Amino acid sequence: MKRPDGRNVDELRKIEAKAGIIKRADGSASFKIGNTIAYAAVYGPRNLYPRFLQNPEKGILRCNYNMMPFSGSGERIRPGSSRRSKEISLVTEKALLPVINLGEFPNSVIDIFIEFPQTDAGSRCAGICAASIALAEAGVPMKELVAAVAVGIVNGEVVVDLSKEEEDMDGAVDIPIAITTKSNNISLLQMDGMIKQEDIKKAIELGKKASQKIFELQKKAIKDKYNV
Amino acid sequence: MYNNLKQHIINCINQNIRFDGRKNDEHRKITIEYDISKNAEGSARVKIGNTEVIVGIKTEVGSPYPDTPDEGTIMVGAELYPLSNPDFEGGPPSTQAVELARVIDRGIRESKAIDFKKLCIKEGEKVWLLLIDICVINDEGNLFDASSLAALAALKNMHFPEIDGENIDYKKKSKQGLKLNEEPLSVTVHKIGGNYIIDPSNEEEEFIDARLTAAATADGTICALQKGGDDVLTEEDVDNMITLAVKKTKELRKYL
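Chains S and L are the protein sequences, given in the same order.
In this text, residue positions in the first sequence follow the working numbering: the first is 1, and each later residue adds one.
In this text, residue positions in the second sequence follow the working numbering: the first is 1, and each later residue adds one.
No lab work stands behind these hints, which were simulated from the structure alone.
Quick caveat, the model's predicted, so the values are computed rather than measured.
Note that beta-carbon positions come from the ideal geometry of N, C-alpha and C, so glycine has one too.
Do not rely on the hints blindly, as some may be mistaken.
As the list claims (entries may be wrong) - Selected chain L positions facing chain S (Cβ under 7 Å, derived; list incomplete):
| id | residue |
| --- | --- |
| 1 | Ile36 |
| 2 | Ser37 |
| 3 | Ile54 |
| 4 | Lys58 |
| 5 | Glu60 |
| 6 | Pro82 |
| 7 | Leu83 |
| 8 | Asp133 |
What the hints assert, rightly or not - From chain L, some residues computed to sit far from chain S (all C-beta separations above 10 Å):
| id | residue |
| --- | --- |
| 9 | Ile74 |
| 10 | Val98 |
| 11 | Cys120 |
| 12 | Gly124 |
To be verified - These stretches of chain S come out as covered by chain L in the derived footprint (C-beta under 8 Å, 3 or more residues):
| id | segment |
| --- | --- |
| 13 | 38–49 |
| 14 | 65–75 |
| 15 | 112–122 |
Let's have the full structure, built from the sequences with the hints guiding it.
This is how it looks when you write it as structure tokens:
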């Protein structure tokens, strides 16, 4: 079966990843997948204020997901955080946390800011992919990279990297997942839609395979930055 | 260290050569790209050196103000994202962001570049609202010039969406662009240690005594001014700074 945009079930949209796009940040990256574009900037480890937020045992990670006002397909998005962006910021943070060694940075914070000039499904996953590259470029000690992609069911078939058109179809199931690329574990898992348990397994398998492809592009982006 | 850096910057400016080799009245390298966001009705990215600003425009249909029932309007917002500068914080717009947005808004509005009457769809009921958002990606100084240039570029890049009876079909962009009667552009001149400079870096911005933003149309008519900074300006300063700003707006137009 061919999908609405002609892709195979296990085919990702076109991806472009680049490291070091924001000079003022300690680390930064852009990640474009199809028509979704994410910019991520990492600041830190840096001092954390107010002081009562500090943890003397380890640093903390803060993520902020934000869509630019003109980035959505409908009306203007009002600036500032929403319930949706707060939740996505939270799950992004939890997706990245397991691979970062924060023990080296007591009382400090690592801030990750993720902005979207243009969105078309899969933005939280694109944001995680960009953030992962940005963390590496910032030199934050990491056990491995994190790659994220949406998998799901469209027209009864398990597919990878749903487009907005597919996401909006009747009976579509959308499962954003993040995979730790070396240990191959799951650090983000959400779903909306109705699905059989065996299909979840199939979807995750497909997601794991796709995340290895993304991982290669993430590595390339970092290497290209340093010409190695 | 702080005072040493200040003195060093002033010494350089006195000799008309800055840290990156520029003269006092030179911009860094400028590039403009259009169609940054497919979902915006118009968008542009401006880079001045490493400073990067994206402006996107969304159109919405709303009801007119009661005192101008046959006029649409524009709204300019500025987002100083914490992604662009370690000193910026999230949350509601800072005073700096509000000033930036209002200065850009004024340049566009007061030049009469946009005929608000042409934004009227049905008198007293429906008008177009142009929502112009300035988003800062990397702040290495001179957000004013970058935003002004990006806002004008985005307006020139704009296409209205199709409208079928009641609803806007954002998926379809019409052929109808936005007619601009004027092309307002502003340049900010900074006074530092008795000299005038344009396009300051972050470091230079720290030590500015005063600044003056002047917006002008293509023929050099001045359409908005904004004085900033802690120090005063003399009448002579104002005259010199406006002259320099207007001259520089003419140079910037070749990038559009």
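For each hint, the structure was consulted:
1. Ile36: holds (6 Å)
2. Ser37: This hint holds: L/Ser37 lies near chain S, its Cβ roughly 4 Å from the closest one there, short of 7 Å.
3. Ile54: holds (6 Å)
4. Lys58: holds (4 Å)
5. Glu60: This interface hint holds because 6 Å falls under the 7 Å limit.
6. Pro82: holds (5 Å)
7. Leu83: holds (4 Å)
8. Asp133: Interface hint status for L/Asp133: holds (4 Å vs cutoff 7 Å).
9. Ile74: Holds, since 12 Å exceeds 10 Å.
10. Val98: Since the minimum Cβ distance to chain S is about 12 Å, L/Val98 lies beyond 10 Å and the statement holds.
11. Cys120: holds (20 Å)
12. Gly124: Given that every Cβ of chain S is farther than 10 Å from that of L/Gly124, nearest at about 22 Å, it holds.
13. 38–49: Since three or more residues must qualify, the claim that chain L covers the segment 38–49 of chain S holds, with 5 doing so at under 8 Å.
14. 65–75: holds (count 9)
15. 112–122: Since 7 is at least three, the answer is holds.
When each numbered hint is compared with the structure, no violation occurs for any of them.
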